[in-house]
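Number 229 marks the last residue of the sequence shown (the working numbering); no jumps.
Mixed in with the good hints, there may be bad ones.
[Claimed, not checked] The calculated DSS-like cross-link candidates involving lysine-lysine, where the alpha carbons are at most 30 Å apart (straight line), are:
hint	residue 1	residue 2
1	K161	K228
2	K225	K114
3	K114	K102
4	K182	K102
5	K225	K182
6	K219	K161
7	K85	K99
8	K161	K225
9	K114	K228
10	K114	K99
11	K219	K182
12	K100	K85
13	K114	K161
14	K114	K100
15	K85	K161
16	K135	K100
What the hints contain is simulated information worked out from the structure, not anything from laboratory work.
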Amino acid sequence: MKKILIVSALFLTSLFANAQVQFGFAVQGYDNFSNTDTSSAFELVVFTPNNDTLDSQVGATISSIDGSALNGVHYNFSSQQYKFPIGTTIYNGSNRKKFKINPVADSKFWGKKDFIIALTNLIGVDTNALMFKQRTLRIIIDYDGTGIGLPKLSVHDYKLYPVPTSTSLTVEGVSCNQYKITDLSGRIVAEGLALNNTIDVAHLANGIYILSAISDKGILLEKFIKE
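Could you build the full structure based on these sequences and the hints that come with them?
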């Protein structure tokens with residue numbers, strides 16, 4: 003009888019050890035947003051064993067680590083501590099919390115930039131309780147405008163001429179559609195639709211500009227001189 007009680011106690015101890023709070027990012031690996039999505043946000047979640055209410059605070063310090071995307075330039079996120087309060091439950095959705103990344107438009111760049119969100123100083127849980135066993139989440143921001151996901155063309159994929167130019171630019175090798183032209187400060191000075199792969203630049207002041215255009219094969223991005 004004593005052996006049975008000991009075995010039962012060990013079984014229950016093991017059961018409760020495995021039934022622990024789970025906390026962390028709602029998705030695994032990475033999350034992807036458009037720079038035009040003002041509501042873009044990553045999400046933290048907490049789950050209790052048997053869907054019970056949370057009986058102690060659970061949280062972490064949440065901070066960002068710059069990658070190709072720079073805080074204050076391509077996004078705005080302040081380091082902060084967040085704790086799910088006692089009483090949190092899945093039944094009213096309080097076990098989920100969204101944090102905005104506040105992407106910033108960048109008219110000089112077409113493509114993708116990324117940064118990392120990290121969880122440190124865990125509160126009420128240890129690393130074994132982290133969702134997907136991950137402390138970090140990669141955030142990817144698309145700056146492709148209406149052509150999100152299109153690859154950037156190599157200069158070997160097309161020809162842009164004449165450069166320098168005084169009246170117009172012609173693109174050869176791909177079929178261009180929407181375009182925009184910015185000066186070196188990032189200000190948009192012209193945009194529209196290319197006509198037969200030709201872009202009128204006669205009205206521009208002399209100087210150096212950047213042409214960004216969507217083609218049938220990807221994003222064209224190149225400097226040119228207007229004289």
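Given the proposed pairing of K219 with K182, does the C-alpha separation stay at or below 30 Å?
-> At roughly 17 Å apart (the allowed maximum being 30 Å), K182 and K219 satisfy the hint.
Has the given pair, K135 with K100, been kept, meaning a C-alpha gap of at most 30 Å?
-> holds, 20 Å
Please work out if K114 and K102 have their alpha carbons no farther apart than 30 Å.
-> Roughly 18 Å separates the two Cα atoms, so the pair holds.
Is the Cα-Cα distance between K85 and K161 30 Å or less?
-> violated, 55 Å
For the pair supplied as a hint, K225 and K182, is the alpha-carbon distance within the 30 Å limit?
-> holds, 12 Å
When you check the alpha-carbon spacing of K114 and K161, does it fall within 30 Å?
-> holds, 24 Å
Taken at face value, is the distance from the CA of K228 to the CA of K114 at most 30 Å?
-> holds, 28 Å
Hint consistency between K85 and K99 [alpha-carbon to alpha-carbon, up to 30 Å] | holds, 10 Å
Could you grab the alpha-carbon distance between K161 and K228 and see if it respects the 30 Å cut-off?
-> holds, 17 Å
Does the alpha-carbon distance linking K100 and K85 stay inside the 30 Å limit?
-> At roughly 13 Å apart (the allowed maximum being 30 Å), K85 and K100 satisfy the hint.
K161 and K225: Cα distance at most 30 Å?
-> OK: K161 and K225 at ~12 Å, within 30 Å.
Between K182 and K102, does the CA-CA distance stay at or below 30 Å?
-> With Cα atoms ~29 Å apart, K182 and K102 stay inside 30 Å; holds.
Violated hint: 15 only; the structure is consistent with all others.
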